[in-house]
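There are 2 protein chains.
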Amino acid sequence: MTTELSQDTLAGELERARQDYAALAARGLSLDLTRGKPAPEQLDLSDDLLGLPRDLRSAADGTDVRNYGNLKGLPELREIFAEVLQVPAEQLLALGNSSLELMHDCLVHALLGVLPGAESRWVDQERVAFLCPVPGYDRHFALCERFGIEMIPVPMTSDGPDMDVVERLVAEDPAVKGIWCVPKYSNPTGVSYSDETVSRLAAMTTAAPDFRIFWDNAYAAHHLTDEQVEIADLLAACEAAGNPDRTFVFGSSSKITFAGAGVAFFGSSPANLTWLLANNAKRSIGPDKVNQLRHVLFLRDAAGVREHMARQRALLQPKFEAVQRILEAELGGTGLARWTEPKGGYFVTLEVPDGCAKEVVRRAAEAGIVLTPAGATHPHGDDPRDATIRIAPSYPGQDDLEQAMHGLTTCVRLVGYEQKQAAA
Amino acid sequence: MTTELSQDTLAGELERARQDYAALAARGLSLDLTRGKPAPEQLDLSDDLLGLPRDLRSAADGTDVRNYGNLKGLPELREIFAEVLQVPAEQLLALGNSSLELMHDCLVHALLGVLPGAESRWVDQERVAFLCPVPGYDRHFALCERFGIEMIPVPMTSDGPDMDVVERLVAEDPAVKGIWCVPKYSNPTGVSYSDETVSRLAAMTTAAPDFRIFWDNAYAAHHLTDEQVEIADLLAACEAAGNPDRTFVFGSSSKITFAGAGVAFFGSSPANLTWLLANNAKRSIGPDKVNQLRHVLFLRDAAGVREHMARQRALLQPKFEAVQRILEAELGGTGLARWTEPKGGYFVTLEVPDGCAKEVVRRAAEAGIVLTPAGATHPHGDDPRDATIRIAPSYPGQDDLEQAMHGLTTCVRLVGYEQKQAAA
Numbered sequence: 001m002t003t004e005l006s007q008d009t010l011a012g013e014l015e016r017a018r019q020d021y022a023a024l025a026a027r028g029l030s031l032d033l034t035r036g037k038p039a040p041e042q043l044d045l046s047d048d049l050l051g052l053p054r055d056l057r058s059a060a061d062g063t064d065v066r067n068y069g070n071l072k073g074l075p076e077l078r079e080i081f082a083e084v085l086q087v088p089a090e091q092l093l094a095l096g097n098s099s100l101e102l103m104h105d106c107l108v109h110a111l112l113g114v115l116p117g118a119e120s121r122w123v124d125q126e127r128v129a130f131l132c133p134v135p136g137y138d139r140h141f142a143l144c145e146r147f148g149i150e151m152i153p154v155p156m157t158s159d160g161p162d163m164d165v166v167e168r169l170v171a172e173d174p175a176v177k178g179i180w181c182v183p184k185y186s187n188p189t190g191v192s193y194s195d196e197t198v199s200r201l202a203a204m205t206t207a208a209p210d211f212r213i214f215w216d217n218a219y220a221a222h223h224l225t226d227e228q229v230e231i232a233d234l235l236a237a238c239e240a241a242g243n244p245d246r247t248f249v250f251g252s253s254s255k256i257t258f259a260g261a262g263v264a265f266f267g268s269s270p271a272n273l274t275w276l277l278a279n280n281a282k283r284s285i286g287p288d289k290v291n292q293l294r295h296v297l298f299l300r301d302a303a304g305v306r307e308h309m310a311r312q313r314a315l316l317q318p319k320f321e322a323v324q325r326i327l328e329a330e331l332g333g334t335g336l337a338r339w340t341e342p343k344g345g346y347f348v349t350l351e352v353p354d355g356c357a358k359e360v361v362r363r364a365a366e367a368g369i370v371l372t373p374a375g376a377t378h379p380h381g382d383d384p385r386d387a388t389i390r391i392a393p394s395y396p397g398q399d400d401l402e403q404a405m406h407g408l409t410t411c412v413r414l415v416g417y418e419q420k421q422a423a424a
Numbered sequence: 001m002t003t004e005l006s007q008d009t010l011a012g013e014l015e016r017a018r019q020d021y022a023a024l025a026a027r028g029l030s031l032d033l034t035r036g037k038p039a040p041e042q043l044d045l046s047d048d049l050l051g052l053p054r055d056l057r058s059a060a061d062g063t064d065v066r067n068y069g070n071l072k073g074l075p076e077l078r079e080i081f082a083e084v085l086q087v088p089a090e091q092l093l094a095l096g097n098s099s100l101e102l103m104h105d106c107l108v109h110a111l112l113g114v115l116p117g118a119e120s121r122w123v124d125q126e127r128v129a130f131l132c133p134v135p136g137y138d139r140h141f142a143l144c145e146r147f148g149i150e151m152i153p154v155p156m157t158s159d160g161p162d163m164d165v166v167e168r169l170v171a172e173d174p175a176v177k178g179i180w181c182v183p184k185y186s187n188p189t190g191v192s193y194s195d196e197t198v199s200r201l202a203a204m205t206t207a208a209p210d211f212r213i214f215w216d217n218a219y220a221a222h223h224l225t226d227e228q229v230e231i232a233d234l235l236a237a238c239e240a241a242g243n244p245d246r247t248f249v250f251g252s253s254s255k256i257t258f259a260g261a262g263v264a265f266f267g268s269s270p271a272n273l274t275w276l277l278a279n280n281a282k283r284s285i286g287p288d289k290v291n292q293l294r295h296v297l298f299l300r301d302a303a304g305v306r307e308h309m310a311r312q313r314a315l316l317q318p319k320f321e322a323v324q325r326i327l328e329a330e331l332g333g334t335g336l337a338r339w340t341e342p343k344g345g346y347f348v349t350l351e352v353p354d355g356c357a358k359e360v361v362r363r364a365a366e367a368g369i370v371l372t373p374a375g376a377t378h379p380h381g382d383d384p385r386d387a388t389i390r391i392a393p394s395y396p397g398q399d400d401l402e403q404a405m406h407g408l409t410t411c412v413r414l415v416g417y418e419q420k421q422a423a424a
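Sequence order for the protein chains is B and P. Take 1 as the starting number for the first sequence in this note's numbering and just add one per residue. Take 1 as the starting number for the second sequence in this note's numbering and just add one per residue.
Check the hints yourself; a few may be wrong.
Copies of one chain are not kept apart here, so a pair can be met inside one copy or by any two copies together.
Claimed, not checked - Below, simulated SDA-like cross-link-like pairs (lysine to any residue); rule was C-alpha separation at most 25 Å, straight line:
hint	residue 1	residue 2
1	Lys282	Phe214
2	Lys358	Arg168
3	Lys358	Ala207
4	Lys420	Ala240
5	Lys343	Asp233
6	Lys358	Glu41
7	Lys420	Met204
8	Lys343	Arg311
9	Lys282	Tyr68
10	Lys343	Glu145
11	Lys343	Leu315
12	Lys282	Ala175
13	Lys343	Thr274
14	Lys72	Pro373
15	Lys282	Arg146
16	Lys72	Val165
17	Lys282	Val229
18	Lys358	Gln317
19	Lys420	Leu315
20	Lys282	Asp47
21	Lys420	Thr205
22	Lys343	Gln403
Rather than coming from a laboratory, the hints here were simulated on the basis of the structure. Note that the coordinates shown come from a computational prediction; the quantities given were computed from them, not determined experimentally.
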């Protein structure tokens with residue numbers, strides 16, 4: 001990422017960046033690139049949900065969806081998402097409105113109960129640690145932090161987490177109980193796990209008998225290009241490798257239909273399912289089946305999900321293309337930045353020179369452009385190189401996004417050239 | 001409850017009971033009095049919800065209900081239930097579809113985090129115990145059992161739990177961290193707490209600094225007679241007594257609108273609210289606000305809830321009256337039973353001679369009438385006197401209910417007279 005500039009050229013570039021930044025600051029913008037929220041236009045695509053299920057009260061099997069019961073969720077909705085999430089319908093549960101809640105609850109139940117294969121409750125063990133591929137998703141890390149689970153960073157490669165590191169850590173340390181994975185169009189890099197990564201995750205030897213892969217397949221159907229990436233089926237691979245209980249699959253319709261009022265899913269082995277259902281049975285008298293029926297009527301089948309996601313893509317693709325275009329036009333060849341070109345998902349990762357990310361985010365905020373805090377992509381908010389910035393292009397309108405991206409690249413140039421100048 | 005019968009009279013009554021039971025068994029009934037589920041006709045009252053919120057996407061403050069966010073729930077819905085649940089709207093949260101989930105989660109957060117006023121996490125304490133007024137709600141007891149929380153039974157009186165016992169236990173034992181209360185139309189006795197009970201709960205001295213009253217106000221608006229029982233405001237009483245953080249108030253619309261797709265509420269002091277919101281923020285990106293908006297549009301205001309509950313009462317009252325009528329006609333004056341006459345809620349408690357409840361339930365099941373297992377009203381399913389049977393009249397149709405009640409009273413006569421005969 002480093003290219004040599006003559007002292008004159010550097011001075012000129014820095015001066016231009018300063019002028020651009022002054023002009024940017026003078027515009028008094030108020031733009032937000034922080035979170036992976038769908039834009040209102042994306043939500044509009046699902047507005048038919050607002051009038052459903054109209055006068056229908058019963059699921060296909062005659063269940064009155066308005067009453068208590070059915071801890072597994074509606075079979076017909078589980079059928080639709082079985083294909084999307086690569087989990088057999090009988091091993092998939094349709095639950096509440098948030099997959100993050102399900103991940104939280106799986107941690108809680110593992111801490112306060114005994115997981116299949118575990119020797120004791122996690123809360124009774126001296127140390128519990130999770131592997132955290134970095135950069136990763138801040139809300140995963142926040143759950144570990146909240147429960148005192150130690151986080152061990154693992155570098156991401158273009159094939160997923162560095163499996164040499166993962167295999168070594170899980171083999172030697174029985175306190176390593178889990179790993180966070182966003183296997184397709186990963187948050188925030190956009191990386192999809194290679195088949196080899198998936199098969200190594202399934203087959204690796206773990207010192208902990210109760211090791212779990214938290215497989216957060218949040219972007220399973222969220223393509224941005226004609227190349228619809230498919231990942232290998234981890235659940236099947238684990239079973240084939242003799243580790244059937246290794247995986248918890250999570251997914252949701254939050255970024256398919258309504259972000260606040262979708263349906264979340266949990267898929268796993270029969271033993272893990274029995275375990276979660278037994279815990280859920282103490283906690284709940286069943287999920288909101290009316291909302292599940294609503295989703296069945298609206299999405300119809302897996303093909304319906306794919307058609308719907310094509311409409312989502314039509315709204316998102318121009319935004320992601322603008323991000324690439326502006327990064328290339330303004331930072332290409334400067335040696336100040338690298339960035340990912342995701343084929344799906346919700347994020348672009350921008351890598352700036354070491355020690356610059358926090359300052360870029362600070363300068364952007366001063367100019368009215370709010371970014372995800374630098375460091376959020378790492379455990380405890382601490383990016384040791386201070387180099388990673390997560391860009392979330394989905395929520396702003398196209399014009400706002402383009403303005404924000406121009407502003408962001410200005411800040412990168414300003415901070416990057418200032419650093420070079422200081423070092424010169 | 002004991003009346004003397006001559007040996008001849010007893011033999012005659014027993015013979016009559018045996019004949020009635022044989023006739024009952026021959027009918028091959030299949031009836032279910034187990035759970036407090038609303039009947040389909042009750043759910044029909046809320047069917048307008050099925051087509052809402054139609055084309056409305058925004059809450060009163062402009063929030064897009066379809067997107068992420070708003071951990072407190074919609075202000076306009078919190079306003080409606082503030083009156084119903086006796087909690088100021090700013091201290092009331094509107095959350096998911098189940099208040100049981102909220103109780104579970106409060107236990108989890110107290111076990112794995114530090115409650116306001118607590119010295120440590122409950123999981124780090126040697127013993128944690130809850131007072132359990134009996135008879136009580138089996139799902140409360142199941143939560144304690146699941147988390148290894150010791151349960152200490154406290155007898156119910158017609159004014160609520162025996163406060164002399166409660167005050168003594170909480171004063172002398174710092175491991176006593178909580179008490180389960182269903183303060184209005186209690187499950188299963190129908191008892192409503194007197195003002196004196198409420199003020200003693202609020203003012204009592206507890207050895208535990210982090211003692212909490214789990215105030216499950218499940219039947220706040222669920223009247224069955226013209227006398228609409230009001231209970232004292234515990235939250236205000238606790239604040240007045242200098243114990244502002246003592247109470248967690250729970251409620252839901254499950255038995256107001258849809259049992260599976262309602263909205264649950266949590267009310268408490270500002271410190272407890274901050275604590276729960278901080279925990280929820282790690283777990284969730286907000287509740288289903290579309291469903292909350294749906295409820296606002298359907299219920300409109302607290303008066304709307306009252307009108308709606310009058311329609312619920314019109315459906316439930318004939319069922320509860322039939323239960324009383326049949327119990328009185330068949331068991332009145334026999335000395336074999338006592339029962340409660342609830343003015344609201346979902347249950348009637350039937351007390352049979354000591355040692356008879358399990359056998360009554362068994363005989364009823366053999367005749368095709370399923371009752372809540374005897375003992376379910378007590379911690380660990382163990383009613384030491386084996387005398388308490390919970391009757392849930394809401395779900396069956398009127399004819400089925402009346403048949404089931406006739407059958408039940410037959411079983412009580414059979415088992416009761418058999419016991420007398422054996423003792424004679």
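Taking the hints in turn, this is what the structure says about them:
{"no.": "1", "hint": "Lys282 / Phe214", "in the structure": "both (23 Å within a copy, 16 Å between copies)"}
{"no.": "2", "hint": "Lys358 / Arg168", "in the structure": "neither (32 Å within a copy, 57 Å between copies)"}
{"no.": "3", "hint": "Lys358 / Ala207", "in the structure": "neither (38 Å within a copy, 48 Å between copies)"}
{"no.": "4", "hint": "Lys420 / Ala240", "in the structure": "neither (53 Å within a copy, 63 Å between copies)"}
{"no.": "5", "hint": "Lys343 / Asp233", "in the structure": "within (19 Å within a copy, 57 Å between copies)"}
{"no.": "6", "hint": "Lys358 / Glu41", "in the structure": "neither (32 Å within a copy, 60 Å between copies)"}
{"no.": "7", "hint": "Lys420 / Met204", "in the structure": "neither (44 Å within a copy, 68 Å between copies)"}
{"no.": "8", "hint": "Lys343 / Arg311", "in the structure": "within (16 Å within a copy, 55 Å between copies)"}
{"no.": "9", "hint": "Lys282 / Tyr68", "in the structure": "within (14 Å within a copy, 27 Å between copies)"}
{"no.": "10", "hint": "Lys343 / Glu145", "in the structure": "neither (31 Å within a copy, 48 Å between copies)"}
{"no.": "11", "hint": "Lys343 / Leu315", "in the structure": "within (14 Å within a copy, 57 Å between copies)"}
{"no.": "12", "hint": "Lys282 / Ala175", "in the structure": "between (28 Å within a copy, 23 Å between copies)"}
{"no.": "13", "hint": "Lys343 / Thr274", "in the structure": "neither (36 Å within a copy, 40 Å between copies)"}
{"no.": "14", "hint": "Lys72 / Pro373", "in the structure": "between (38 Å within a copy, 24 Å between copies)"}
{"no.": "15", "hint": "Lys282 / Arg146", "in the structure": "both (23 Å within a copy, 8 Å between copies)"}
{"no.": "16", "hint": "Lys72 / Val165", "in the structure": "neither (37 Å within a copy, 41 Å between copies)"}
{"no.": "17", "hint": "Lys282 / Val229", "in the structure": "neither (39 Å within a copy, 30 Å between copies)"}
{"no.": "18", "hint": "Lys358 / Gln317", "in the structure": "neither (28 Å within a copy, 65 Å between copies)"}
{"no.": "19", "hint": "Lys420 / Leu315", "in the structure": "neither (39 Å within a copy, 78 Å between copies)"}
{"no.": "20", "hint": "Lys282 / Asp47", "in the structure": "neither (34 Å within a copy, 28 Å between copies)"}
{"no.": "21", "hint": "Lys420 / Thr205", "in the structure": "neither (46 Å within a copy, 66 Å between copies)"}
{"no.": "22", "hint": "Lys343 / Gln403", "in the structure": "within (23 Å within a copy, 64 Å between copies)"}
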